[in-house]
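Based on the sequences and whatever the hints tell you, model everything.
Below, each chain spelled out in residue letters.
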Amino acid sequence: QSVLTQPPSVSGAPGQRVTISCTGSSSNIGAGYDVHWYQQLPGIAPKLLIYGDSSRPSGVPDRFSGSKSGTSASLAITGLQVEDEADYYCQSYDSSLSGYVFGTGTKVTVL
Amino acid sequence: EVQLVESGGVLVKAGGSLRLSCAASGFIVANAWMSWVRQAPGKGLEWVGRIKSQRDLETKDYAAPVKGRFTISRDDSENTLYLQMNSLKTEDTAVYYCTANLGDFLTFDYWGQGALVTVSS
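Chains as they are written, first to last, in the working numbering: chain U, 1495 to 1605; chain C, 28 to 148.
I should point out that these hints are in silico values taken from the structure, not numbers from a laboratory. Just so we're clear, the structure is a prediction, and the values are computed from it rather than from any experiment. It is possible that some hints are incorrect.
In the BS3-like style, the derived pairs of lysine-lysine whose C-alpha atoms are separated by at most 30 angstroms in a straight line are [to be verified]: (1) LYS40/C with LYS70/C; (2) LYS79/C with LYS1541/U; (3) LYS70/C with LYS1601/U.
Now the in silico label distances, taken between C-beta atoms and shown as ranges [claimed, not checked]: (4) PRO1508/U with ASP103/C: 44 to 54 angstroms; (5) VAL1576/U with GLU28/C: 25 to 35 angstroms; (6) ASN113/C with ALA1507/U: 45 to 55 angstroms; (7) SER44/C with PRO1508/U: 42 to 52 angstroms; (8) SER148/C with LEU1591/U: 21 to 31 angstroms; (9) THR98/C with THR1499/U: 29 to 39 angstroms; (10) PRO1551/U with GLY35/C: 44 to 54 angstroms; (11) GLY69/C with LEU1605/U: 17 to 27 angstroms; (12) ALA1507/U with ASP102/C: 46 to 56 angstroms; (13) ASP103/C with THR1603/U: 40 to 50 angstroms.
Sample of chain C residues with no beta-carbon within 10 angstroms of chain U, all distances over it, derived [said to hold, decoys possible]: (14) GLU28; (15) ASP83; (16) GLN140.
C-beta atoms are modelled at their ideal positions from N, C-alpha and C, and glycine is treated no differently.
Laid out in structure tokens, this is it:
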């Protein structure tokens, strides 16, 4: 049972910009814990995409960007490409649960 | 290069036990915060548990659904992480990923390829 809520799916044409929201509460994102994002291509283990709300690990294209405000965070993909078709998950820490929490996941489809 | 390779995933009956292994290379497991994350078929990601580094006193924490049934341990001489799973339930059926946190954030920086555990009734 995920405590971070994401839209089930988003879609866009190649070259377009799409955003994925991640809504939490006062015990996780709202408490100031960082939000991180993962990309999971079909049949493959997830990969860290964004850490510390808005930083990109080495090798991640700058088409991917993250932001956070209040109890929510967002992942934006600009210049959408076919290879971006994947599931995306946000992740944070929850003080009430004393553990890590993931978002419900969002499937990105490139039209 | 950091690599994590899980093994031990099998079909087991409800109530049974199983131990997963995660062989690490490219870094020292004792110096990292290591976690297990699982993904039920067609579902999202769920954190299972974590062991902190030696420096951080090897503190262990578990998610509520597995607390008291699952145990994380390490063999520093083998640079290997383990997940002992007891009293398995059908809802424990999932791909189990071994992950490593090597940075300063509460992230899962590196992932293994996953091990499928199927619990039958």
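Results of checking the hints against the structure:
no., hint, result
1, LYS40/C with LYS70/C, "holds (21 angstroms)"
2, LYS79/C with LYS1541/U, "holds (21 angstroms)"
3, LYS70/C with LYS1601/U, "holds (12 angstroms)"
4, PRO1508/U with ASP103/C: 44 to 54 angstroms, "holds (48 angstroms)"
5, VAL1576/U with GLU28/C: 25 to 35 angstroms, "holds (28 angstroms)"
6, ASN113/C with ALA1507/U: 45 to 55 angstroms, "holds (50 angstroms)"
7, SER44/C with PRO1508/U: 42 to 52 angstroms, "holds (49 angstroms)"
8, SER148/C with LEU1591/U: 21 to 31 angstroms, "holds (28 angstroms)"
9, THR98/C with THR1499/U: 29 to 39 angstroms, "holds (31 angstroms)"
10, PRO1551/U with GLY35/C: 44 to 54 angstroms, "violated (29 angstroms)"
11, GLY69/C with LEU1605/U: 17 to 27 angstroms, "holds (23 angstroms)"
12, ALA1507/U with ASP102/C: 46 to 56 angstroms, "holds (51 angstroms)"
13, ASP103/C with THR1603/U: 40 to 50 angstroms, "holds (45 angstroms)"
14, GLU28, "holds (13 angstroms)"
15, ASP83, "holds (15 angstroms)"
16, GLN140, "violated (6 angstroms)"
Hint violations for this structure: numbers 10, 16, all remaining hints satisfied.
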